[in-house]
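Q: Using the sequences plus the hints, can you model the full thing?
Going line by line, the protein sequences match chains H and S.
Quick note: the first sequence, position 56, residue 56 per the working numbering, numbers continuous.
Position in the second sequence counted from 1, then plus 208, gives you the working numbering.
Just so you know, these hints were derived from the structure itself, not from any lab.
You may find that some hints are simply not true.
Computed list of lysine-lysine pairs in DSS-like fashion (alpha-carbon distance at most 25 Å, straight line) [what the hints assert, rightly or not]:
(1) LYS809/S - LYS6/H
(2) LYS809/S - LYS179/H
(3) LYS6/H - LYS94/H
(4) LYS169/H - LYS809/S
(5) LYS809/S - LYS94/H
Computed footprint of chain H on chain S; a stretch qualifies when at least three of its residues, placed anywhere within it, have a C-beta under 8 Å from a C-beta of chain H [what the hints assert, rightly or not]:
(6) 432-446
(7) 795-809
Glycine included, C-beta positions come from ideal geometry on N, C-alpha and C.
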Amino acid sequence: MQAEEKFTYETWPAEPERSTLESKNKFLGFWLFLGGETVLFASLFATYIALKDKVPNPSMPHAKDLFELPLTFVATILLLTSSLTSVYAIYHMKNFAFKKMMLWFGITALLGAGFLASEIYEFTKYVHEHHTFTSSAFGSAFYTLVGFHGGHVAFGLLWCLTLMIRNAKRGLNLYNAPKFYVFSLYWHFIDVVWVFIFTVVYLMGMVG
Amino acid sequence: MSTYTQKKGFGATLWDYLTTVDHKKIAILYFIAGGFFFLVGGIEAIFIRIQLAVPNNDFVSAGVYNEIMTMHGTTMIFLAAMPLIFAFMNAVMPLQIGARDVAFPFVNAISFWMFFFGGVFLNLGWFLGGAPDAGWTNYASLATHSKGHGVDFYVIGLQISGFGTLMGGINFLATIINMRAPGMTYMRMPLFTWTTFVTSALILFAFPPLTVGLFLMMFDRMFGAKFFEVAMGGNTVIWEHLFWIFGHPEVYILILPAFGIFSETFAIFSRKRLFGYSSMVFATVLIGFLGFMVWAHHMFTDGLGPVANAIFAVATMAIGVPTGIKIFNWLFTMWGGSVKFTTPMHYAFAFIPSFVIGGVTGVMLASAAADYQYHDTYFVVAHFHYVIVGGVVFALLCGTHLYWPKMFGTMLNETLGKITFWLFFIGFHLTFFIQHFLGLWGMPRRVFTYLPGQGLNNGNLISSIGAAFMAVAVLILLLNVIITSVKNEKVGNDPWGDGRTLEWSVSSPPPFYNFKQLPLVRGLDAYWLEKMEGKTGMTPAEPLGDIHMPNSSILPFIMAFGLFIAAFGVMYHVNDKPWALPVMIIGLLITLGSMLIRSVKDDHGFHIHKEDLIDNNNKGVKA
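A: In structure tokens form, the structure reads like this:
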């Protein structure tokens, strides 16, 4: 099958994300990249756990003083839902339903933007409570771990929008279908990382 | 399409290399850049040995000595050994598995340019107010409080070149998994391909911790973070862990491809199948796995406690087992073979005893209790030079002679090659053997001088004389390269006459599409099998058809260049320079902008048509 070929619903392959050698490579290479990303976040988690609540002065805010579950809950719901909507998008991609795919990716991007906004609001709030990037080792570790995740979300948003704008007028083919698919993999990965951040940073922060 | 064979002007050749995505040309770029940094690191080594040749020497000051010593280690590991290994991986691995290129030719070019610009940035410290001076391990608190921009060059330079290496690792993994020729099962892959495979997996999982460590260091030094600031709740041991979780697999990243090159050499020049192929594969994978379990043996004196030290000591000693399996397999490969002592075979033969000495001292160092005595002495210096020079550098020199014809289409002079070998071999043992004893006699690592009357004079002088031998050996190698390139006598597909694997079945250098028709692989040592049946080439696995090839592009160069620009902005923003922030933003925009162009502009590559392939019969392209 050729990347430039025109398709209809009937001729569209079952696995458009890996029907050419290039897309097979892309699919595999991206999974491998996510393996590396996992180690990257594992290192950041380890650093955070080692430096949690390590502040120079006991009067400075600790994890349990800072975090508020309602806000984190909103952020979590936004991101988890965006992962679900990206599944719908890929479902429509596999069924050669371009418009529906674009709609669901659009919703995904909106939810991602909502998450990012809530994170920015959260960070501003902490800065007003004198928990900053430079105030303590705890602060540095917190903003680095959560910020790396936020940076990934921001990059993902730019990526999603670029793909949508670029392909807005030309429908699906075997050249851009793998690109959408790989983006959705990335987006799920970000979501999984957030599940761990939610657990390790926020839930464990609340209990001790 | 017969233009491929035409002579090009200098400008066109330069543009060709700046935009190339061909794995063979990228290999040559890695080879030249890595070779250049090898010379730089070598000059630094010579300066170290001149300074230490006699007691109370004042050839360089203590501060400059720290910079030279740091840059020698950093340059040799990151900018010489790794790129040279990447050069051979790029040049040989796709040919060995019967592929037309790597999985991501474009990314391959990005990898090279990132490494290149990172390496250049790292070395700019020499000209812009001081090189890194906190040792190649760059331990926190020493590094976080190092004055000037030295350590900043280390942190940002390695970060950029590390991205390149990581992408290279992913690329090789995807290539080996997806792009093997018909019949090339995993257990028919040549050992060099296997070691490339395992090494790439190590790169994938070992480089991210370094990335994180370097980010933390960068945040502390340049953006006011407090990770390593103990008074603010920080913890310097975090750097040690992150660095060695990367750093220990890194030594296996270096040595496994070396094992691969030697495995090829032993089989070719013993004219015998590699003994115990399956156990070699098993041992390679096991070494890769265990390589991640032993990082804390660099930290025995940190006070992690007896339980942790014992576990890491035992795990470290366990690595001796698969390595021993390999040593015996190489010996048995030669046993009963009809051995030809070519230059590569000299290196392979000398590697065995040299590396075993390094292995023995490795097990000595692994005994945690004894390590308290050896720690931070010249004994450690002697140990790791025995494994890295006696293993990795011997392999690089071996590979240079072995694969020179495949990369450049002409043979290095064998007589000069053997002179290089003997001078290097003698110089190497002269330099480093005595350092074991210097260490045991109490000479600490990293000191810039020592006093007379402590029994260290003779040993240091001998060591410095040995270094001079190695320097002369490298000069003769350069002479050999020049003479060979000027003569430029073209050779055929299989210049050693005993090639066993697919790379020897195509012309030297291979055409840019590598294989006109993908070869059918019928067993281990595929080309040897065909030769034994009286055939001259491989049986094709497909009819002659159009070949799909990727387009060249300048974008990889620009992407890496953008980061290079941004690096200056990041670094000088510490000094409150008004131009620093704009420079940082412009640099990042250049990189992100070229990524955007890459994403938005469709690139379907091009096809070489069947008819042109028939015309081009047996015509190699100039590399």
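Q: Checking against the hints above, which ones are violated?
A: Structure breaks no hint.
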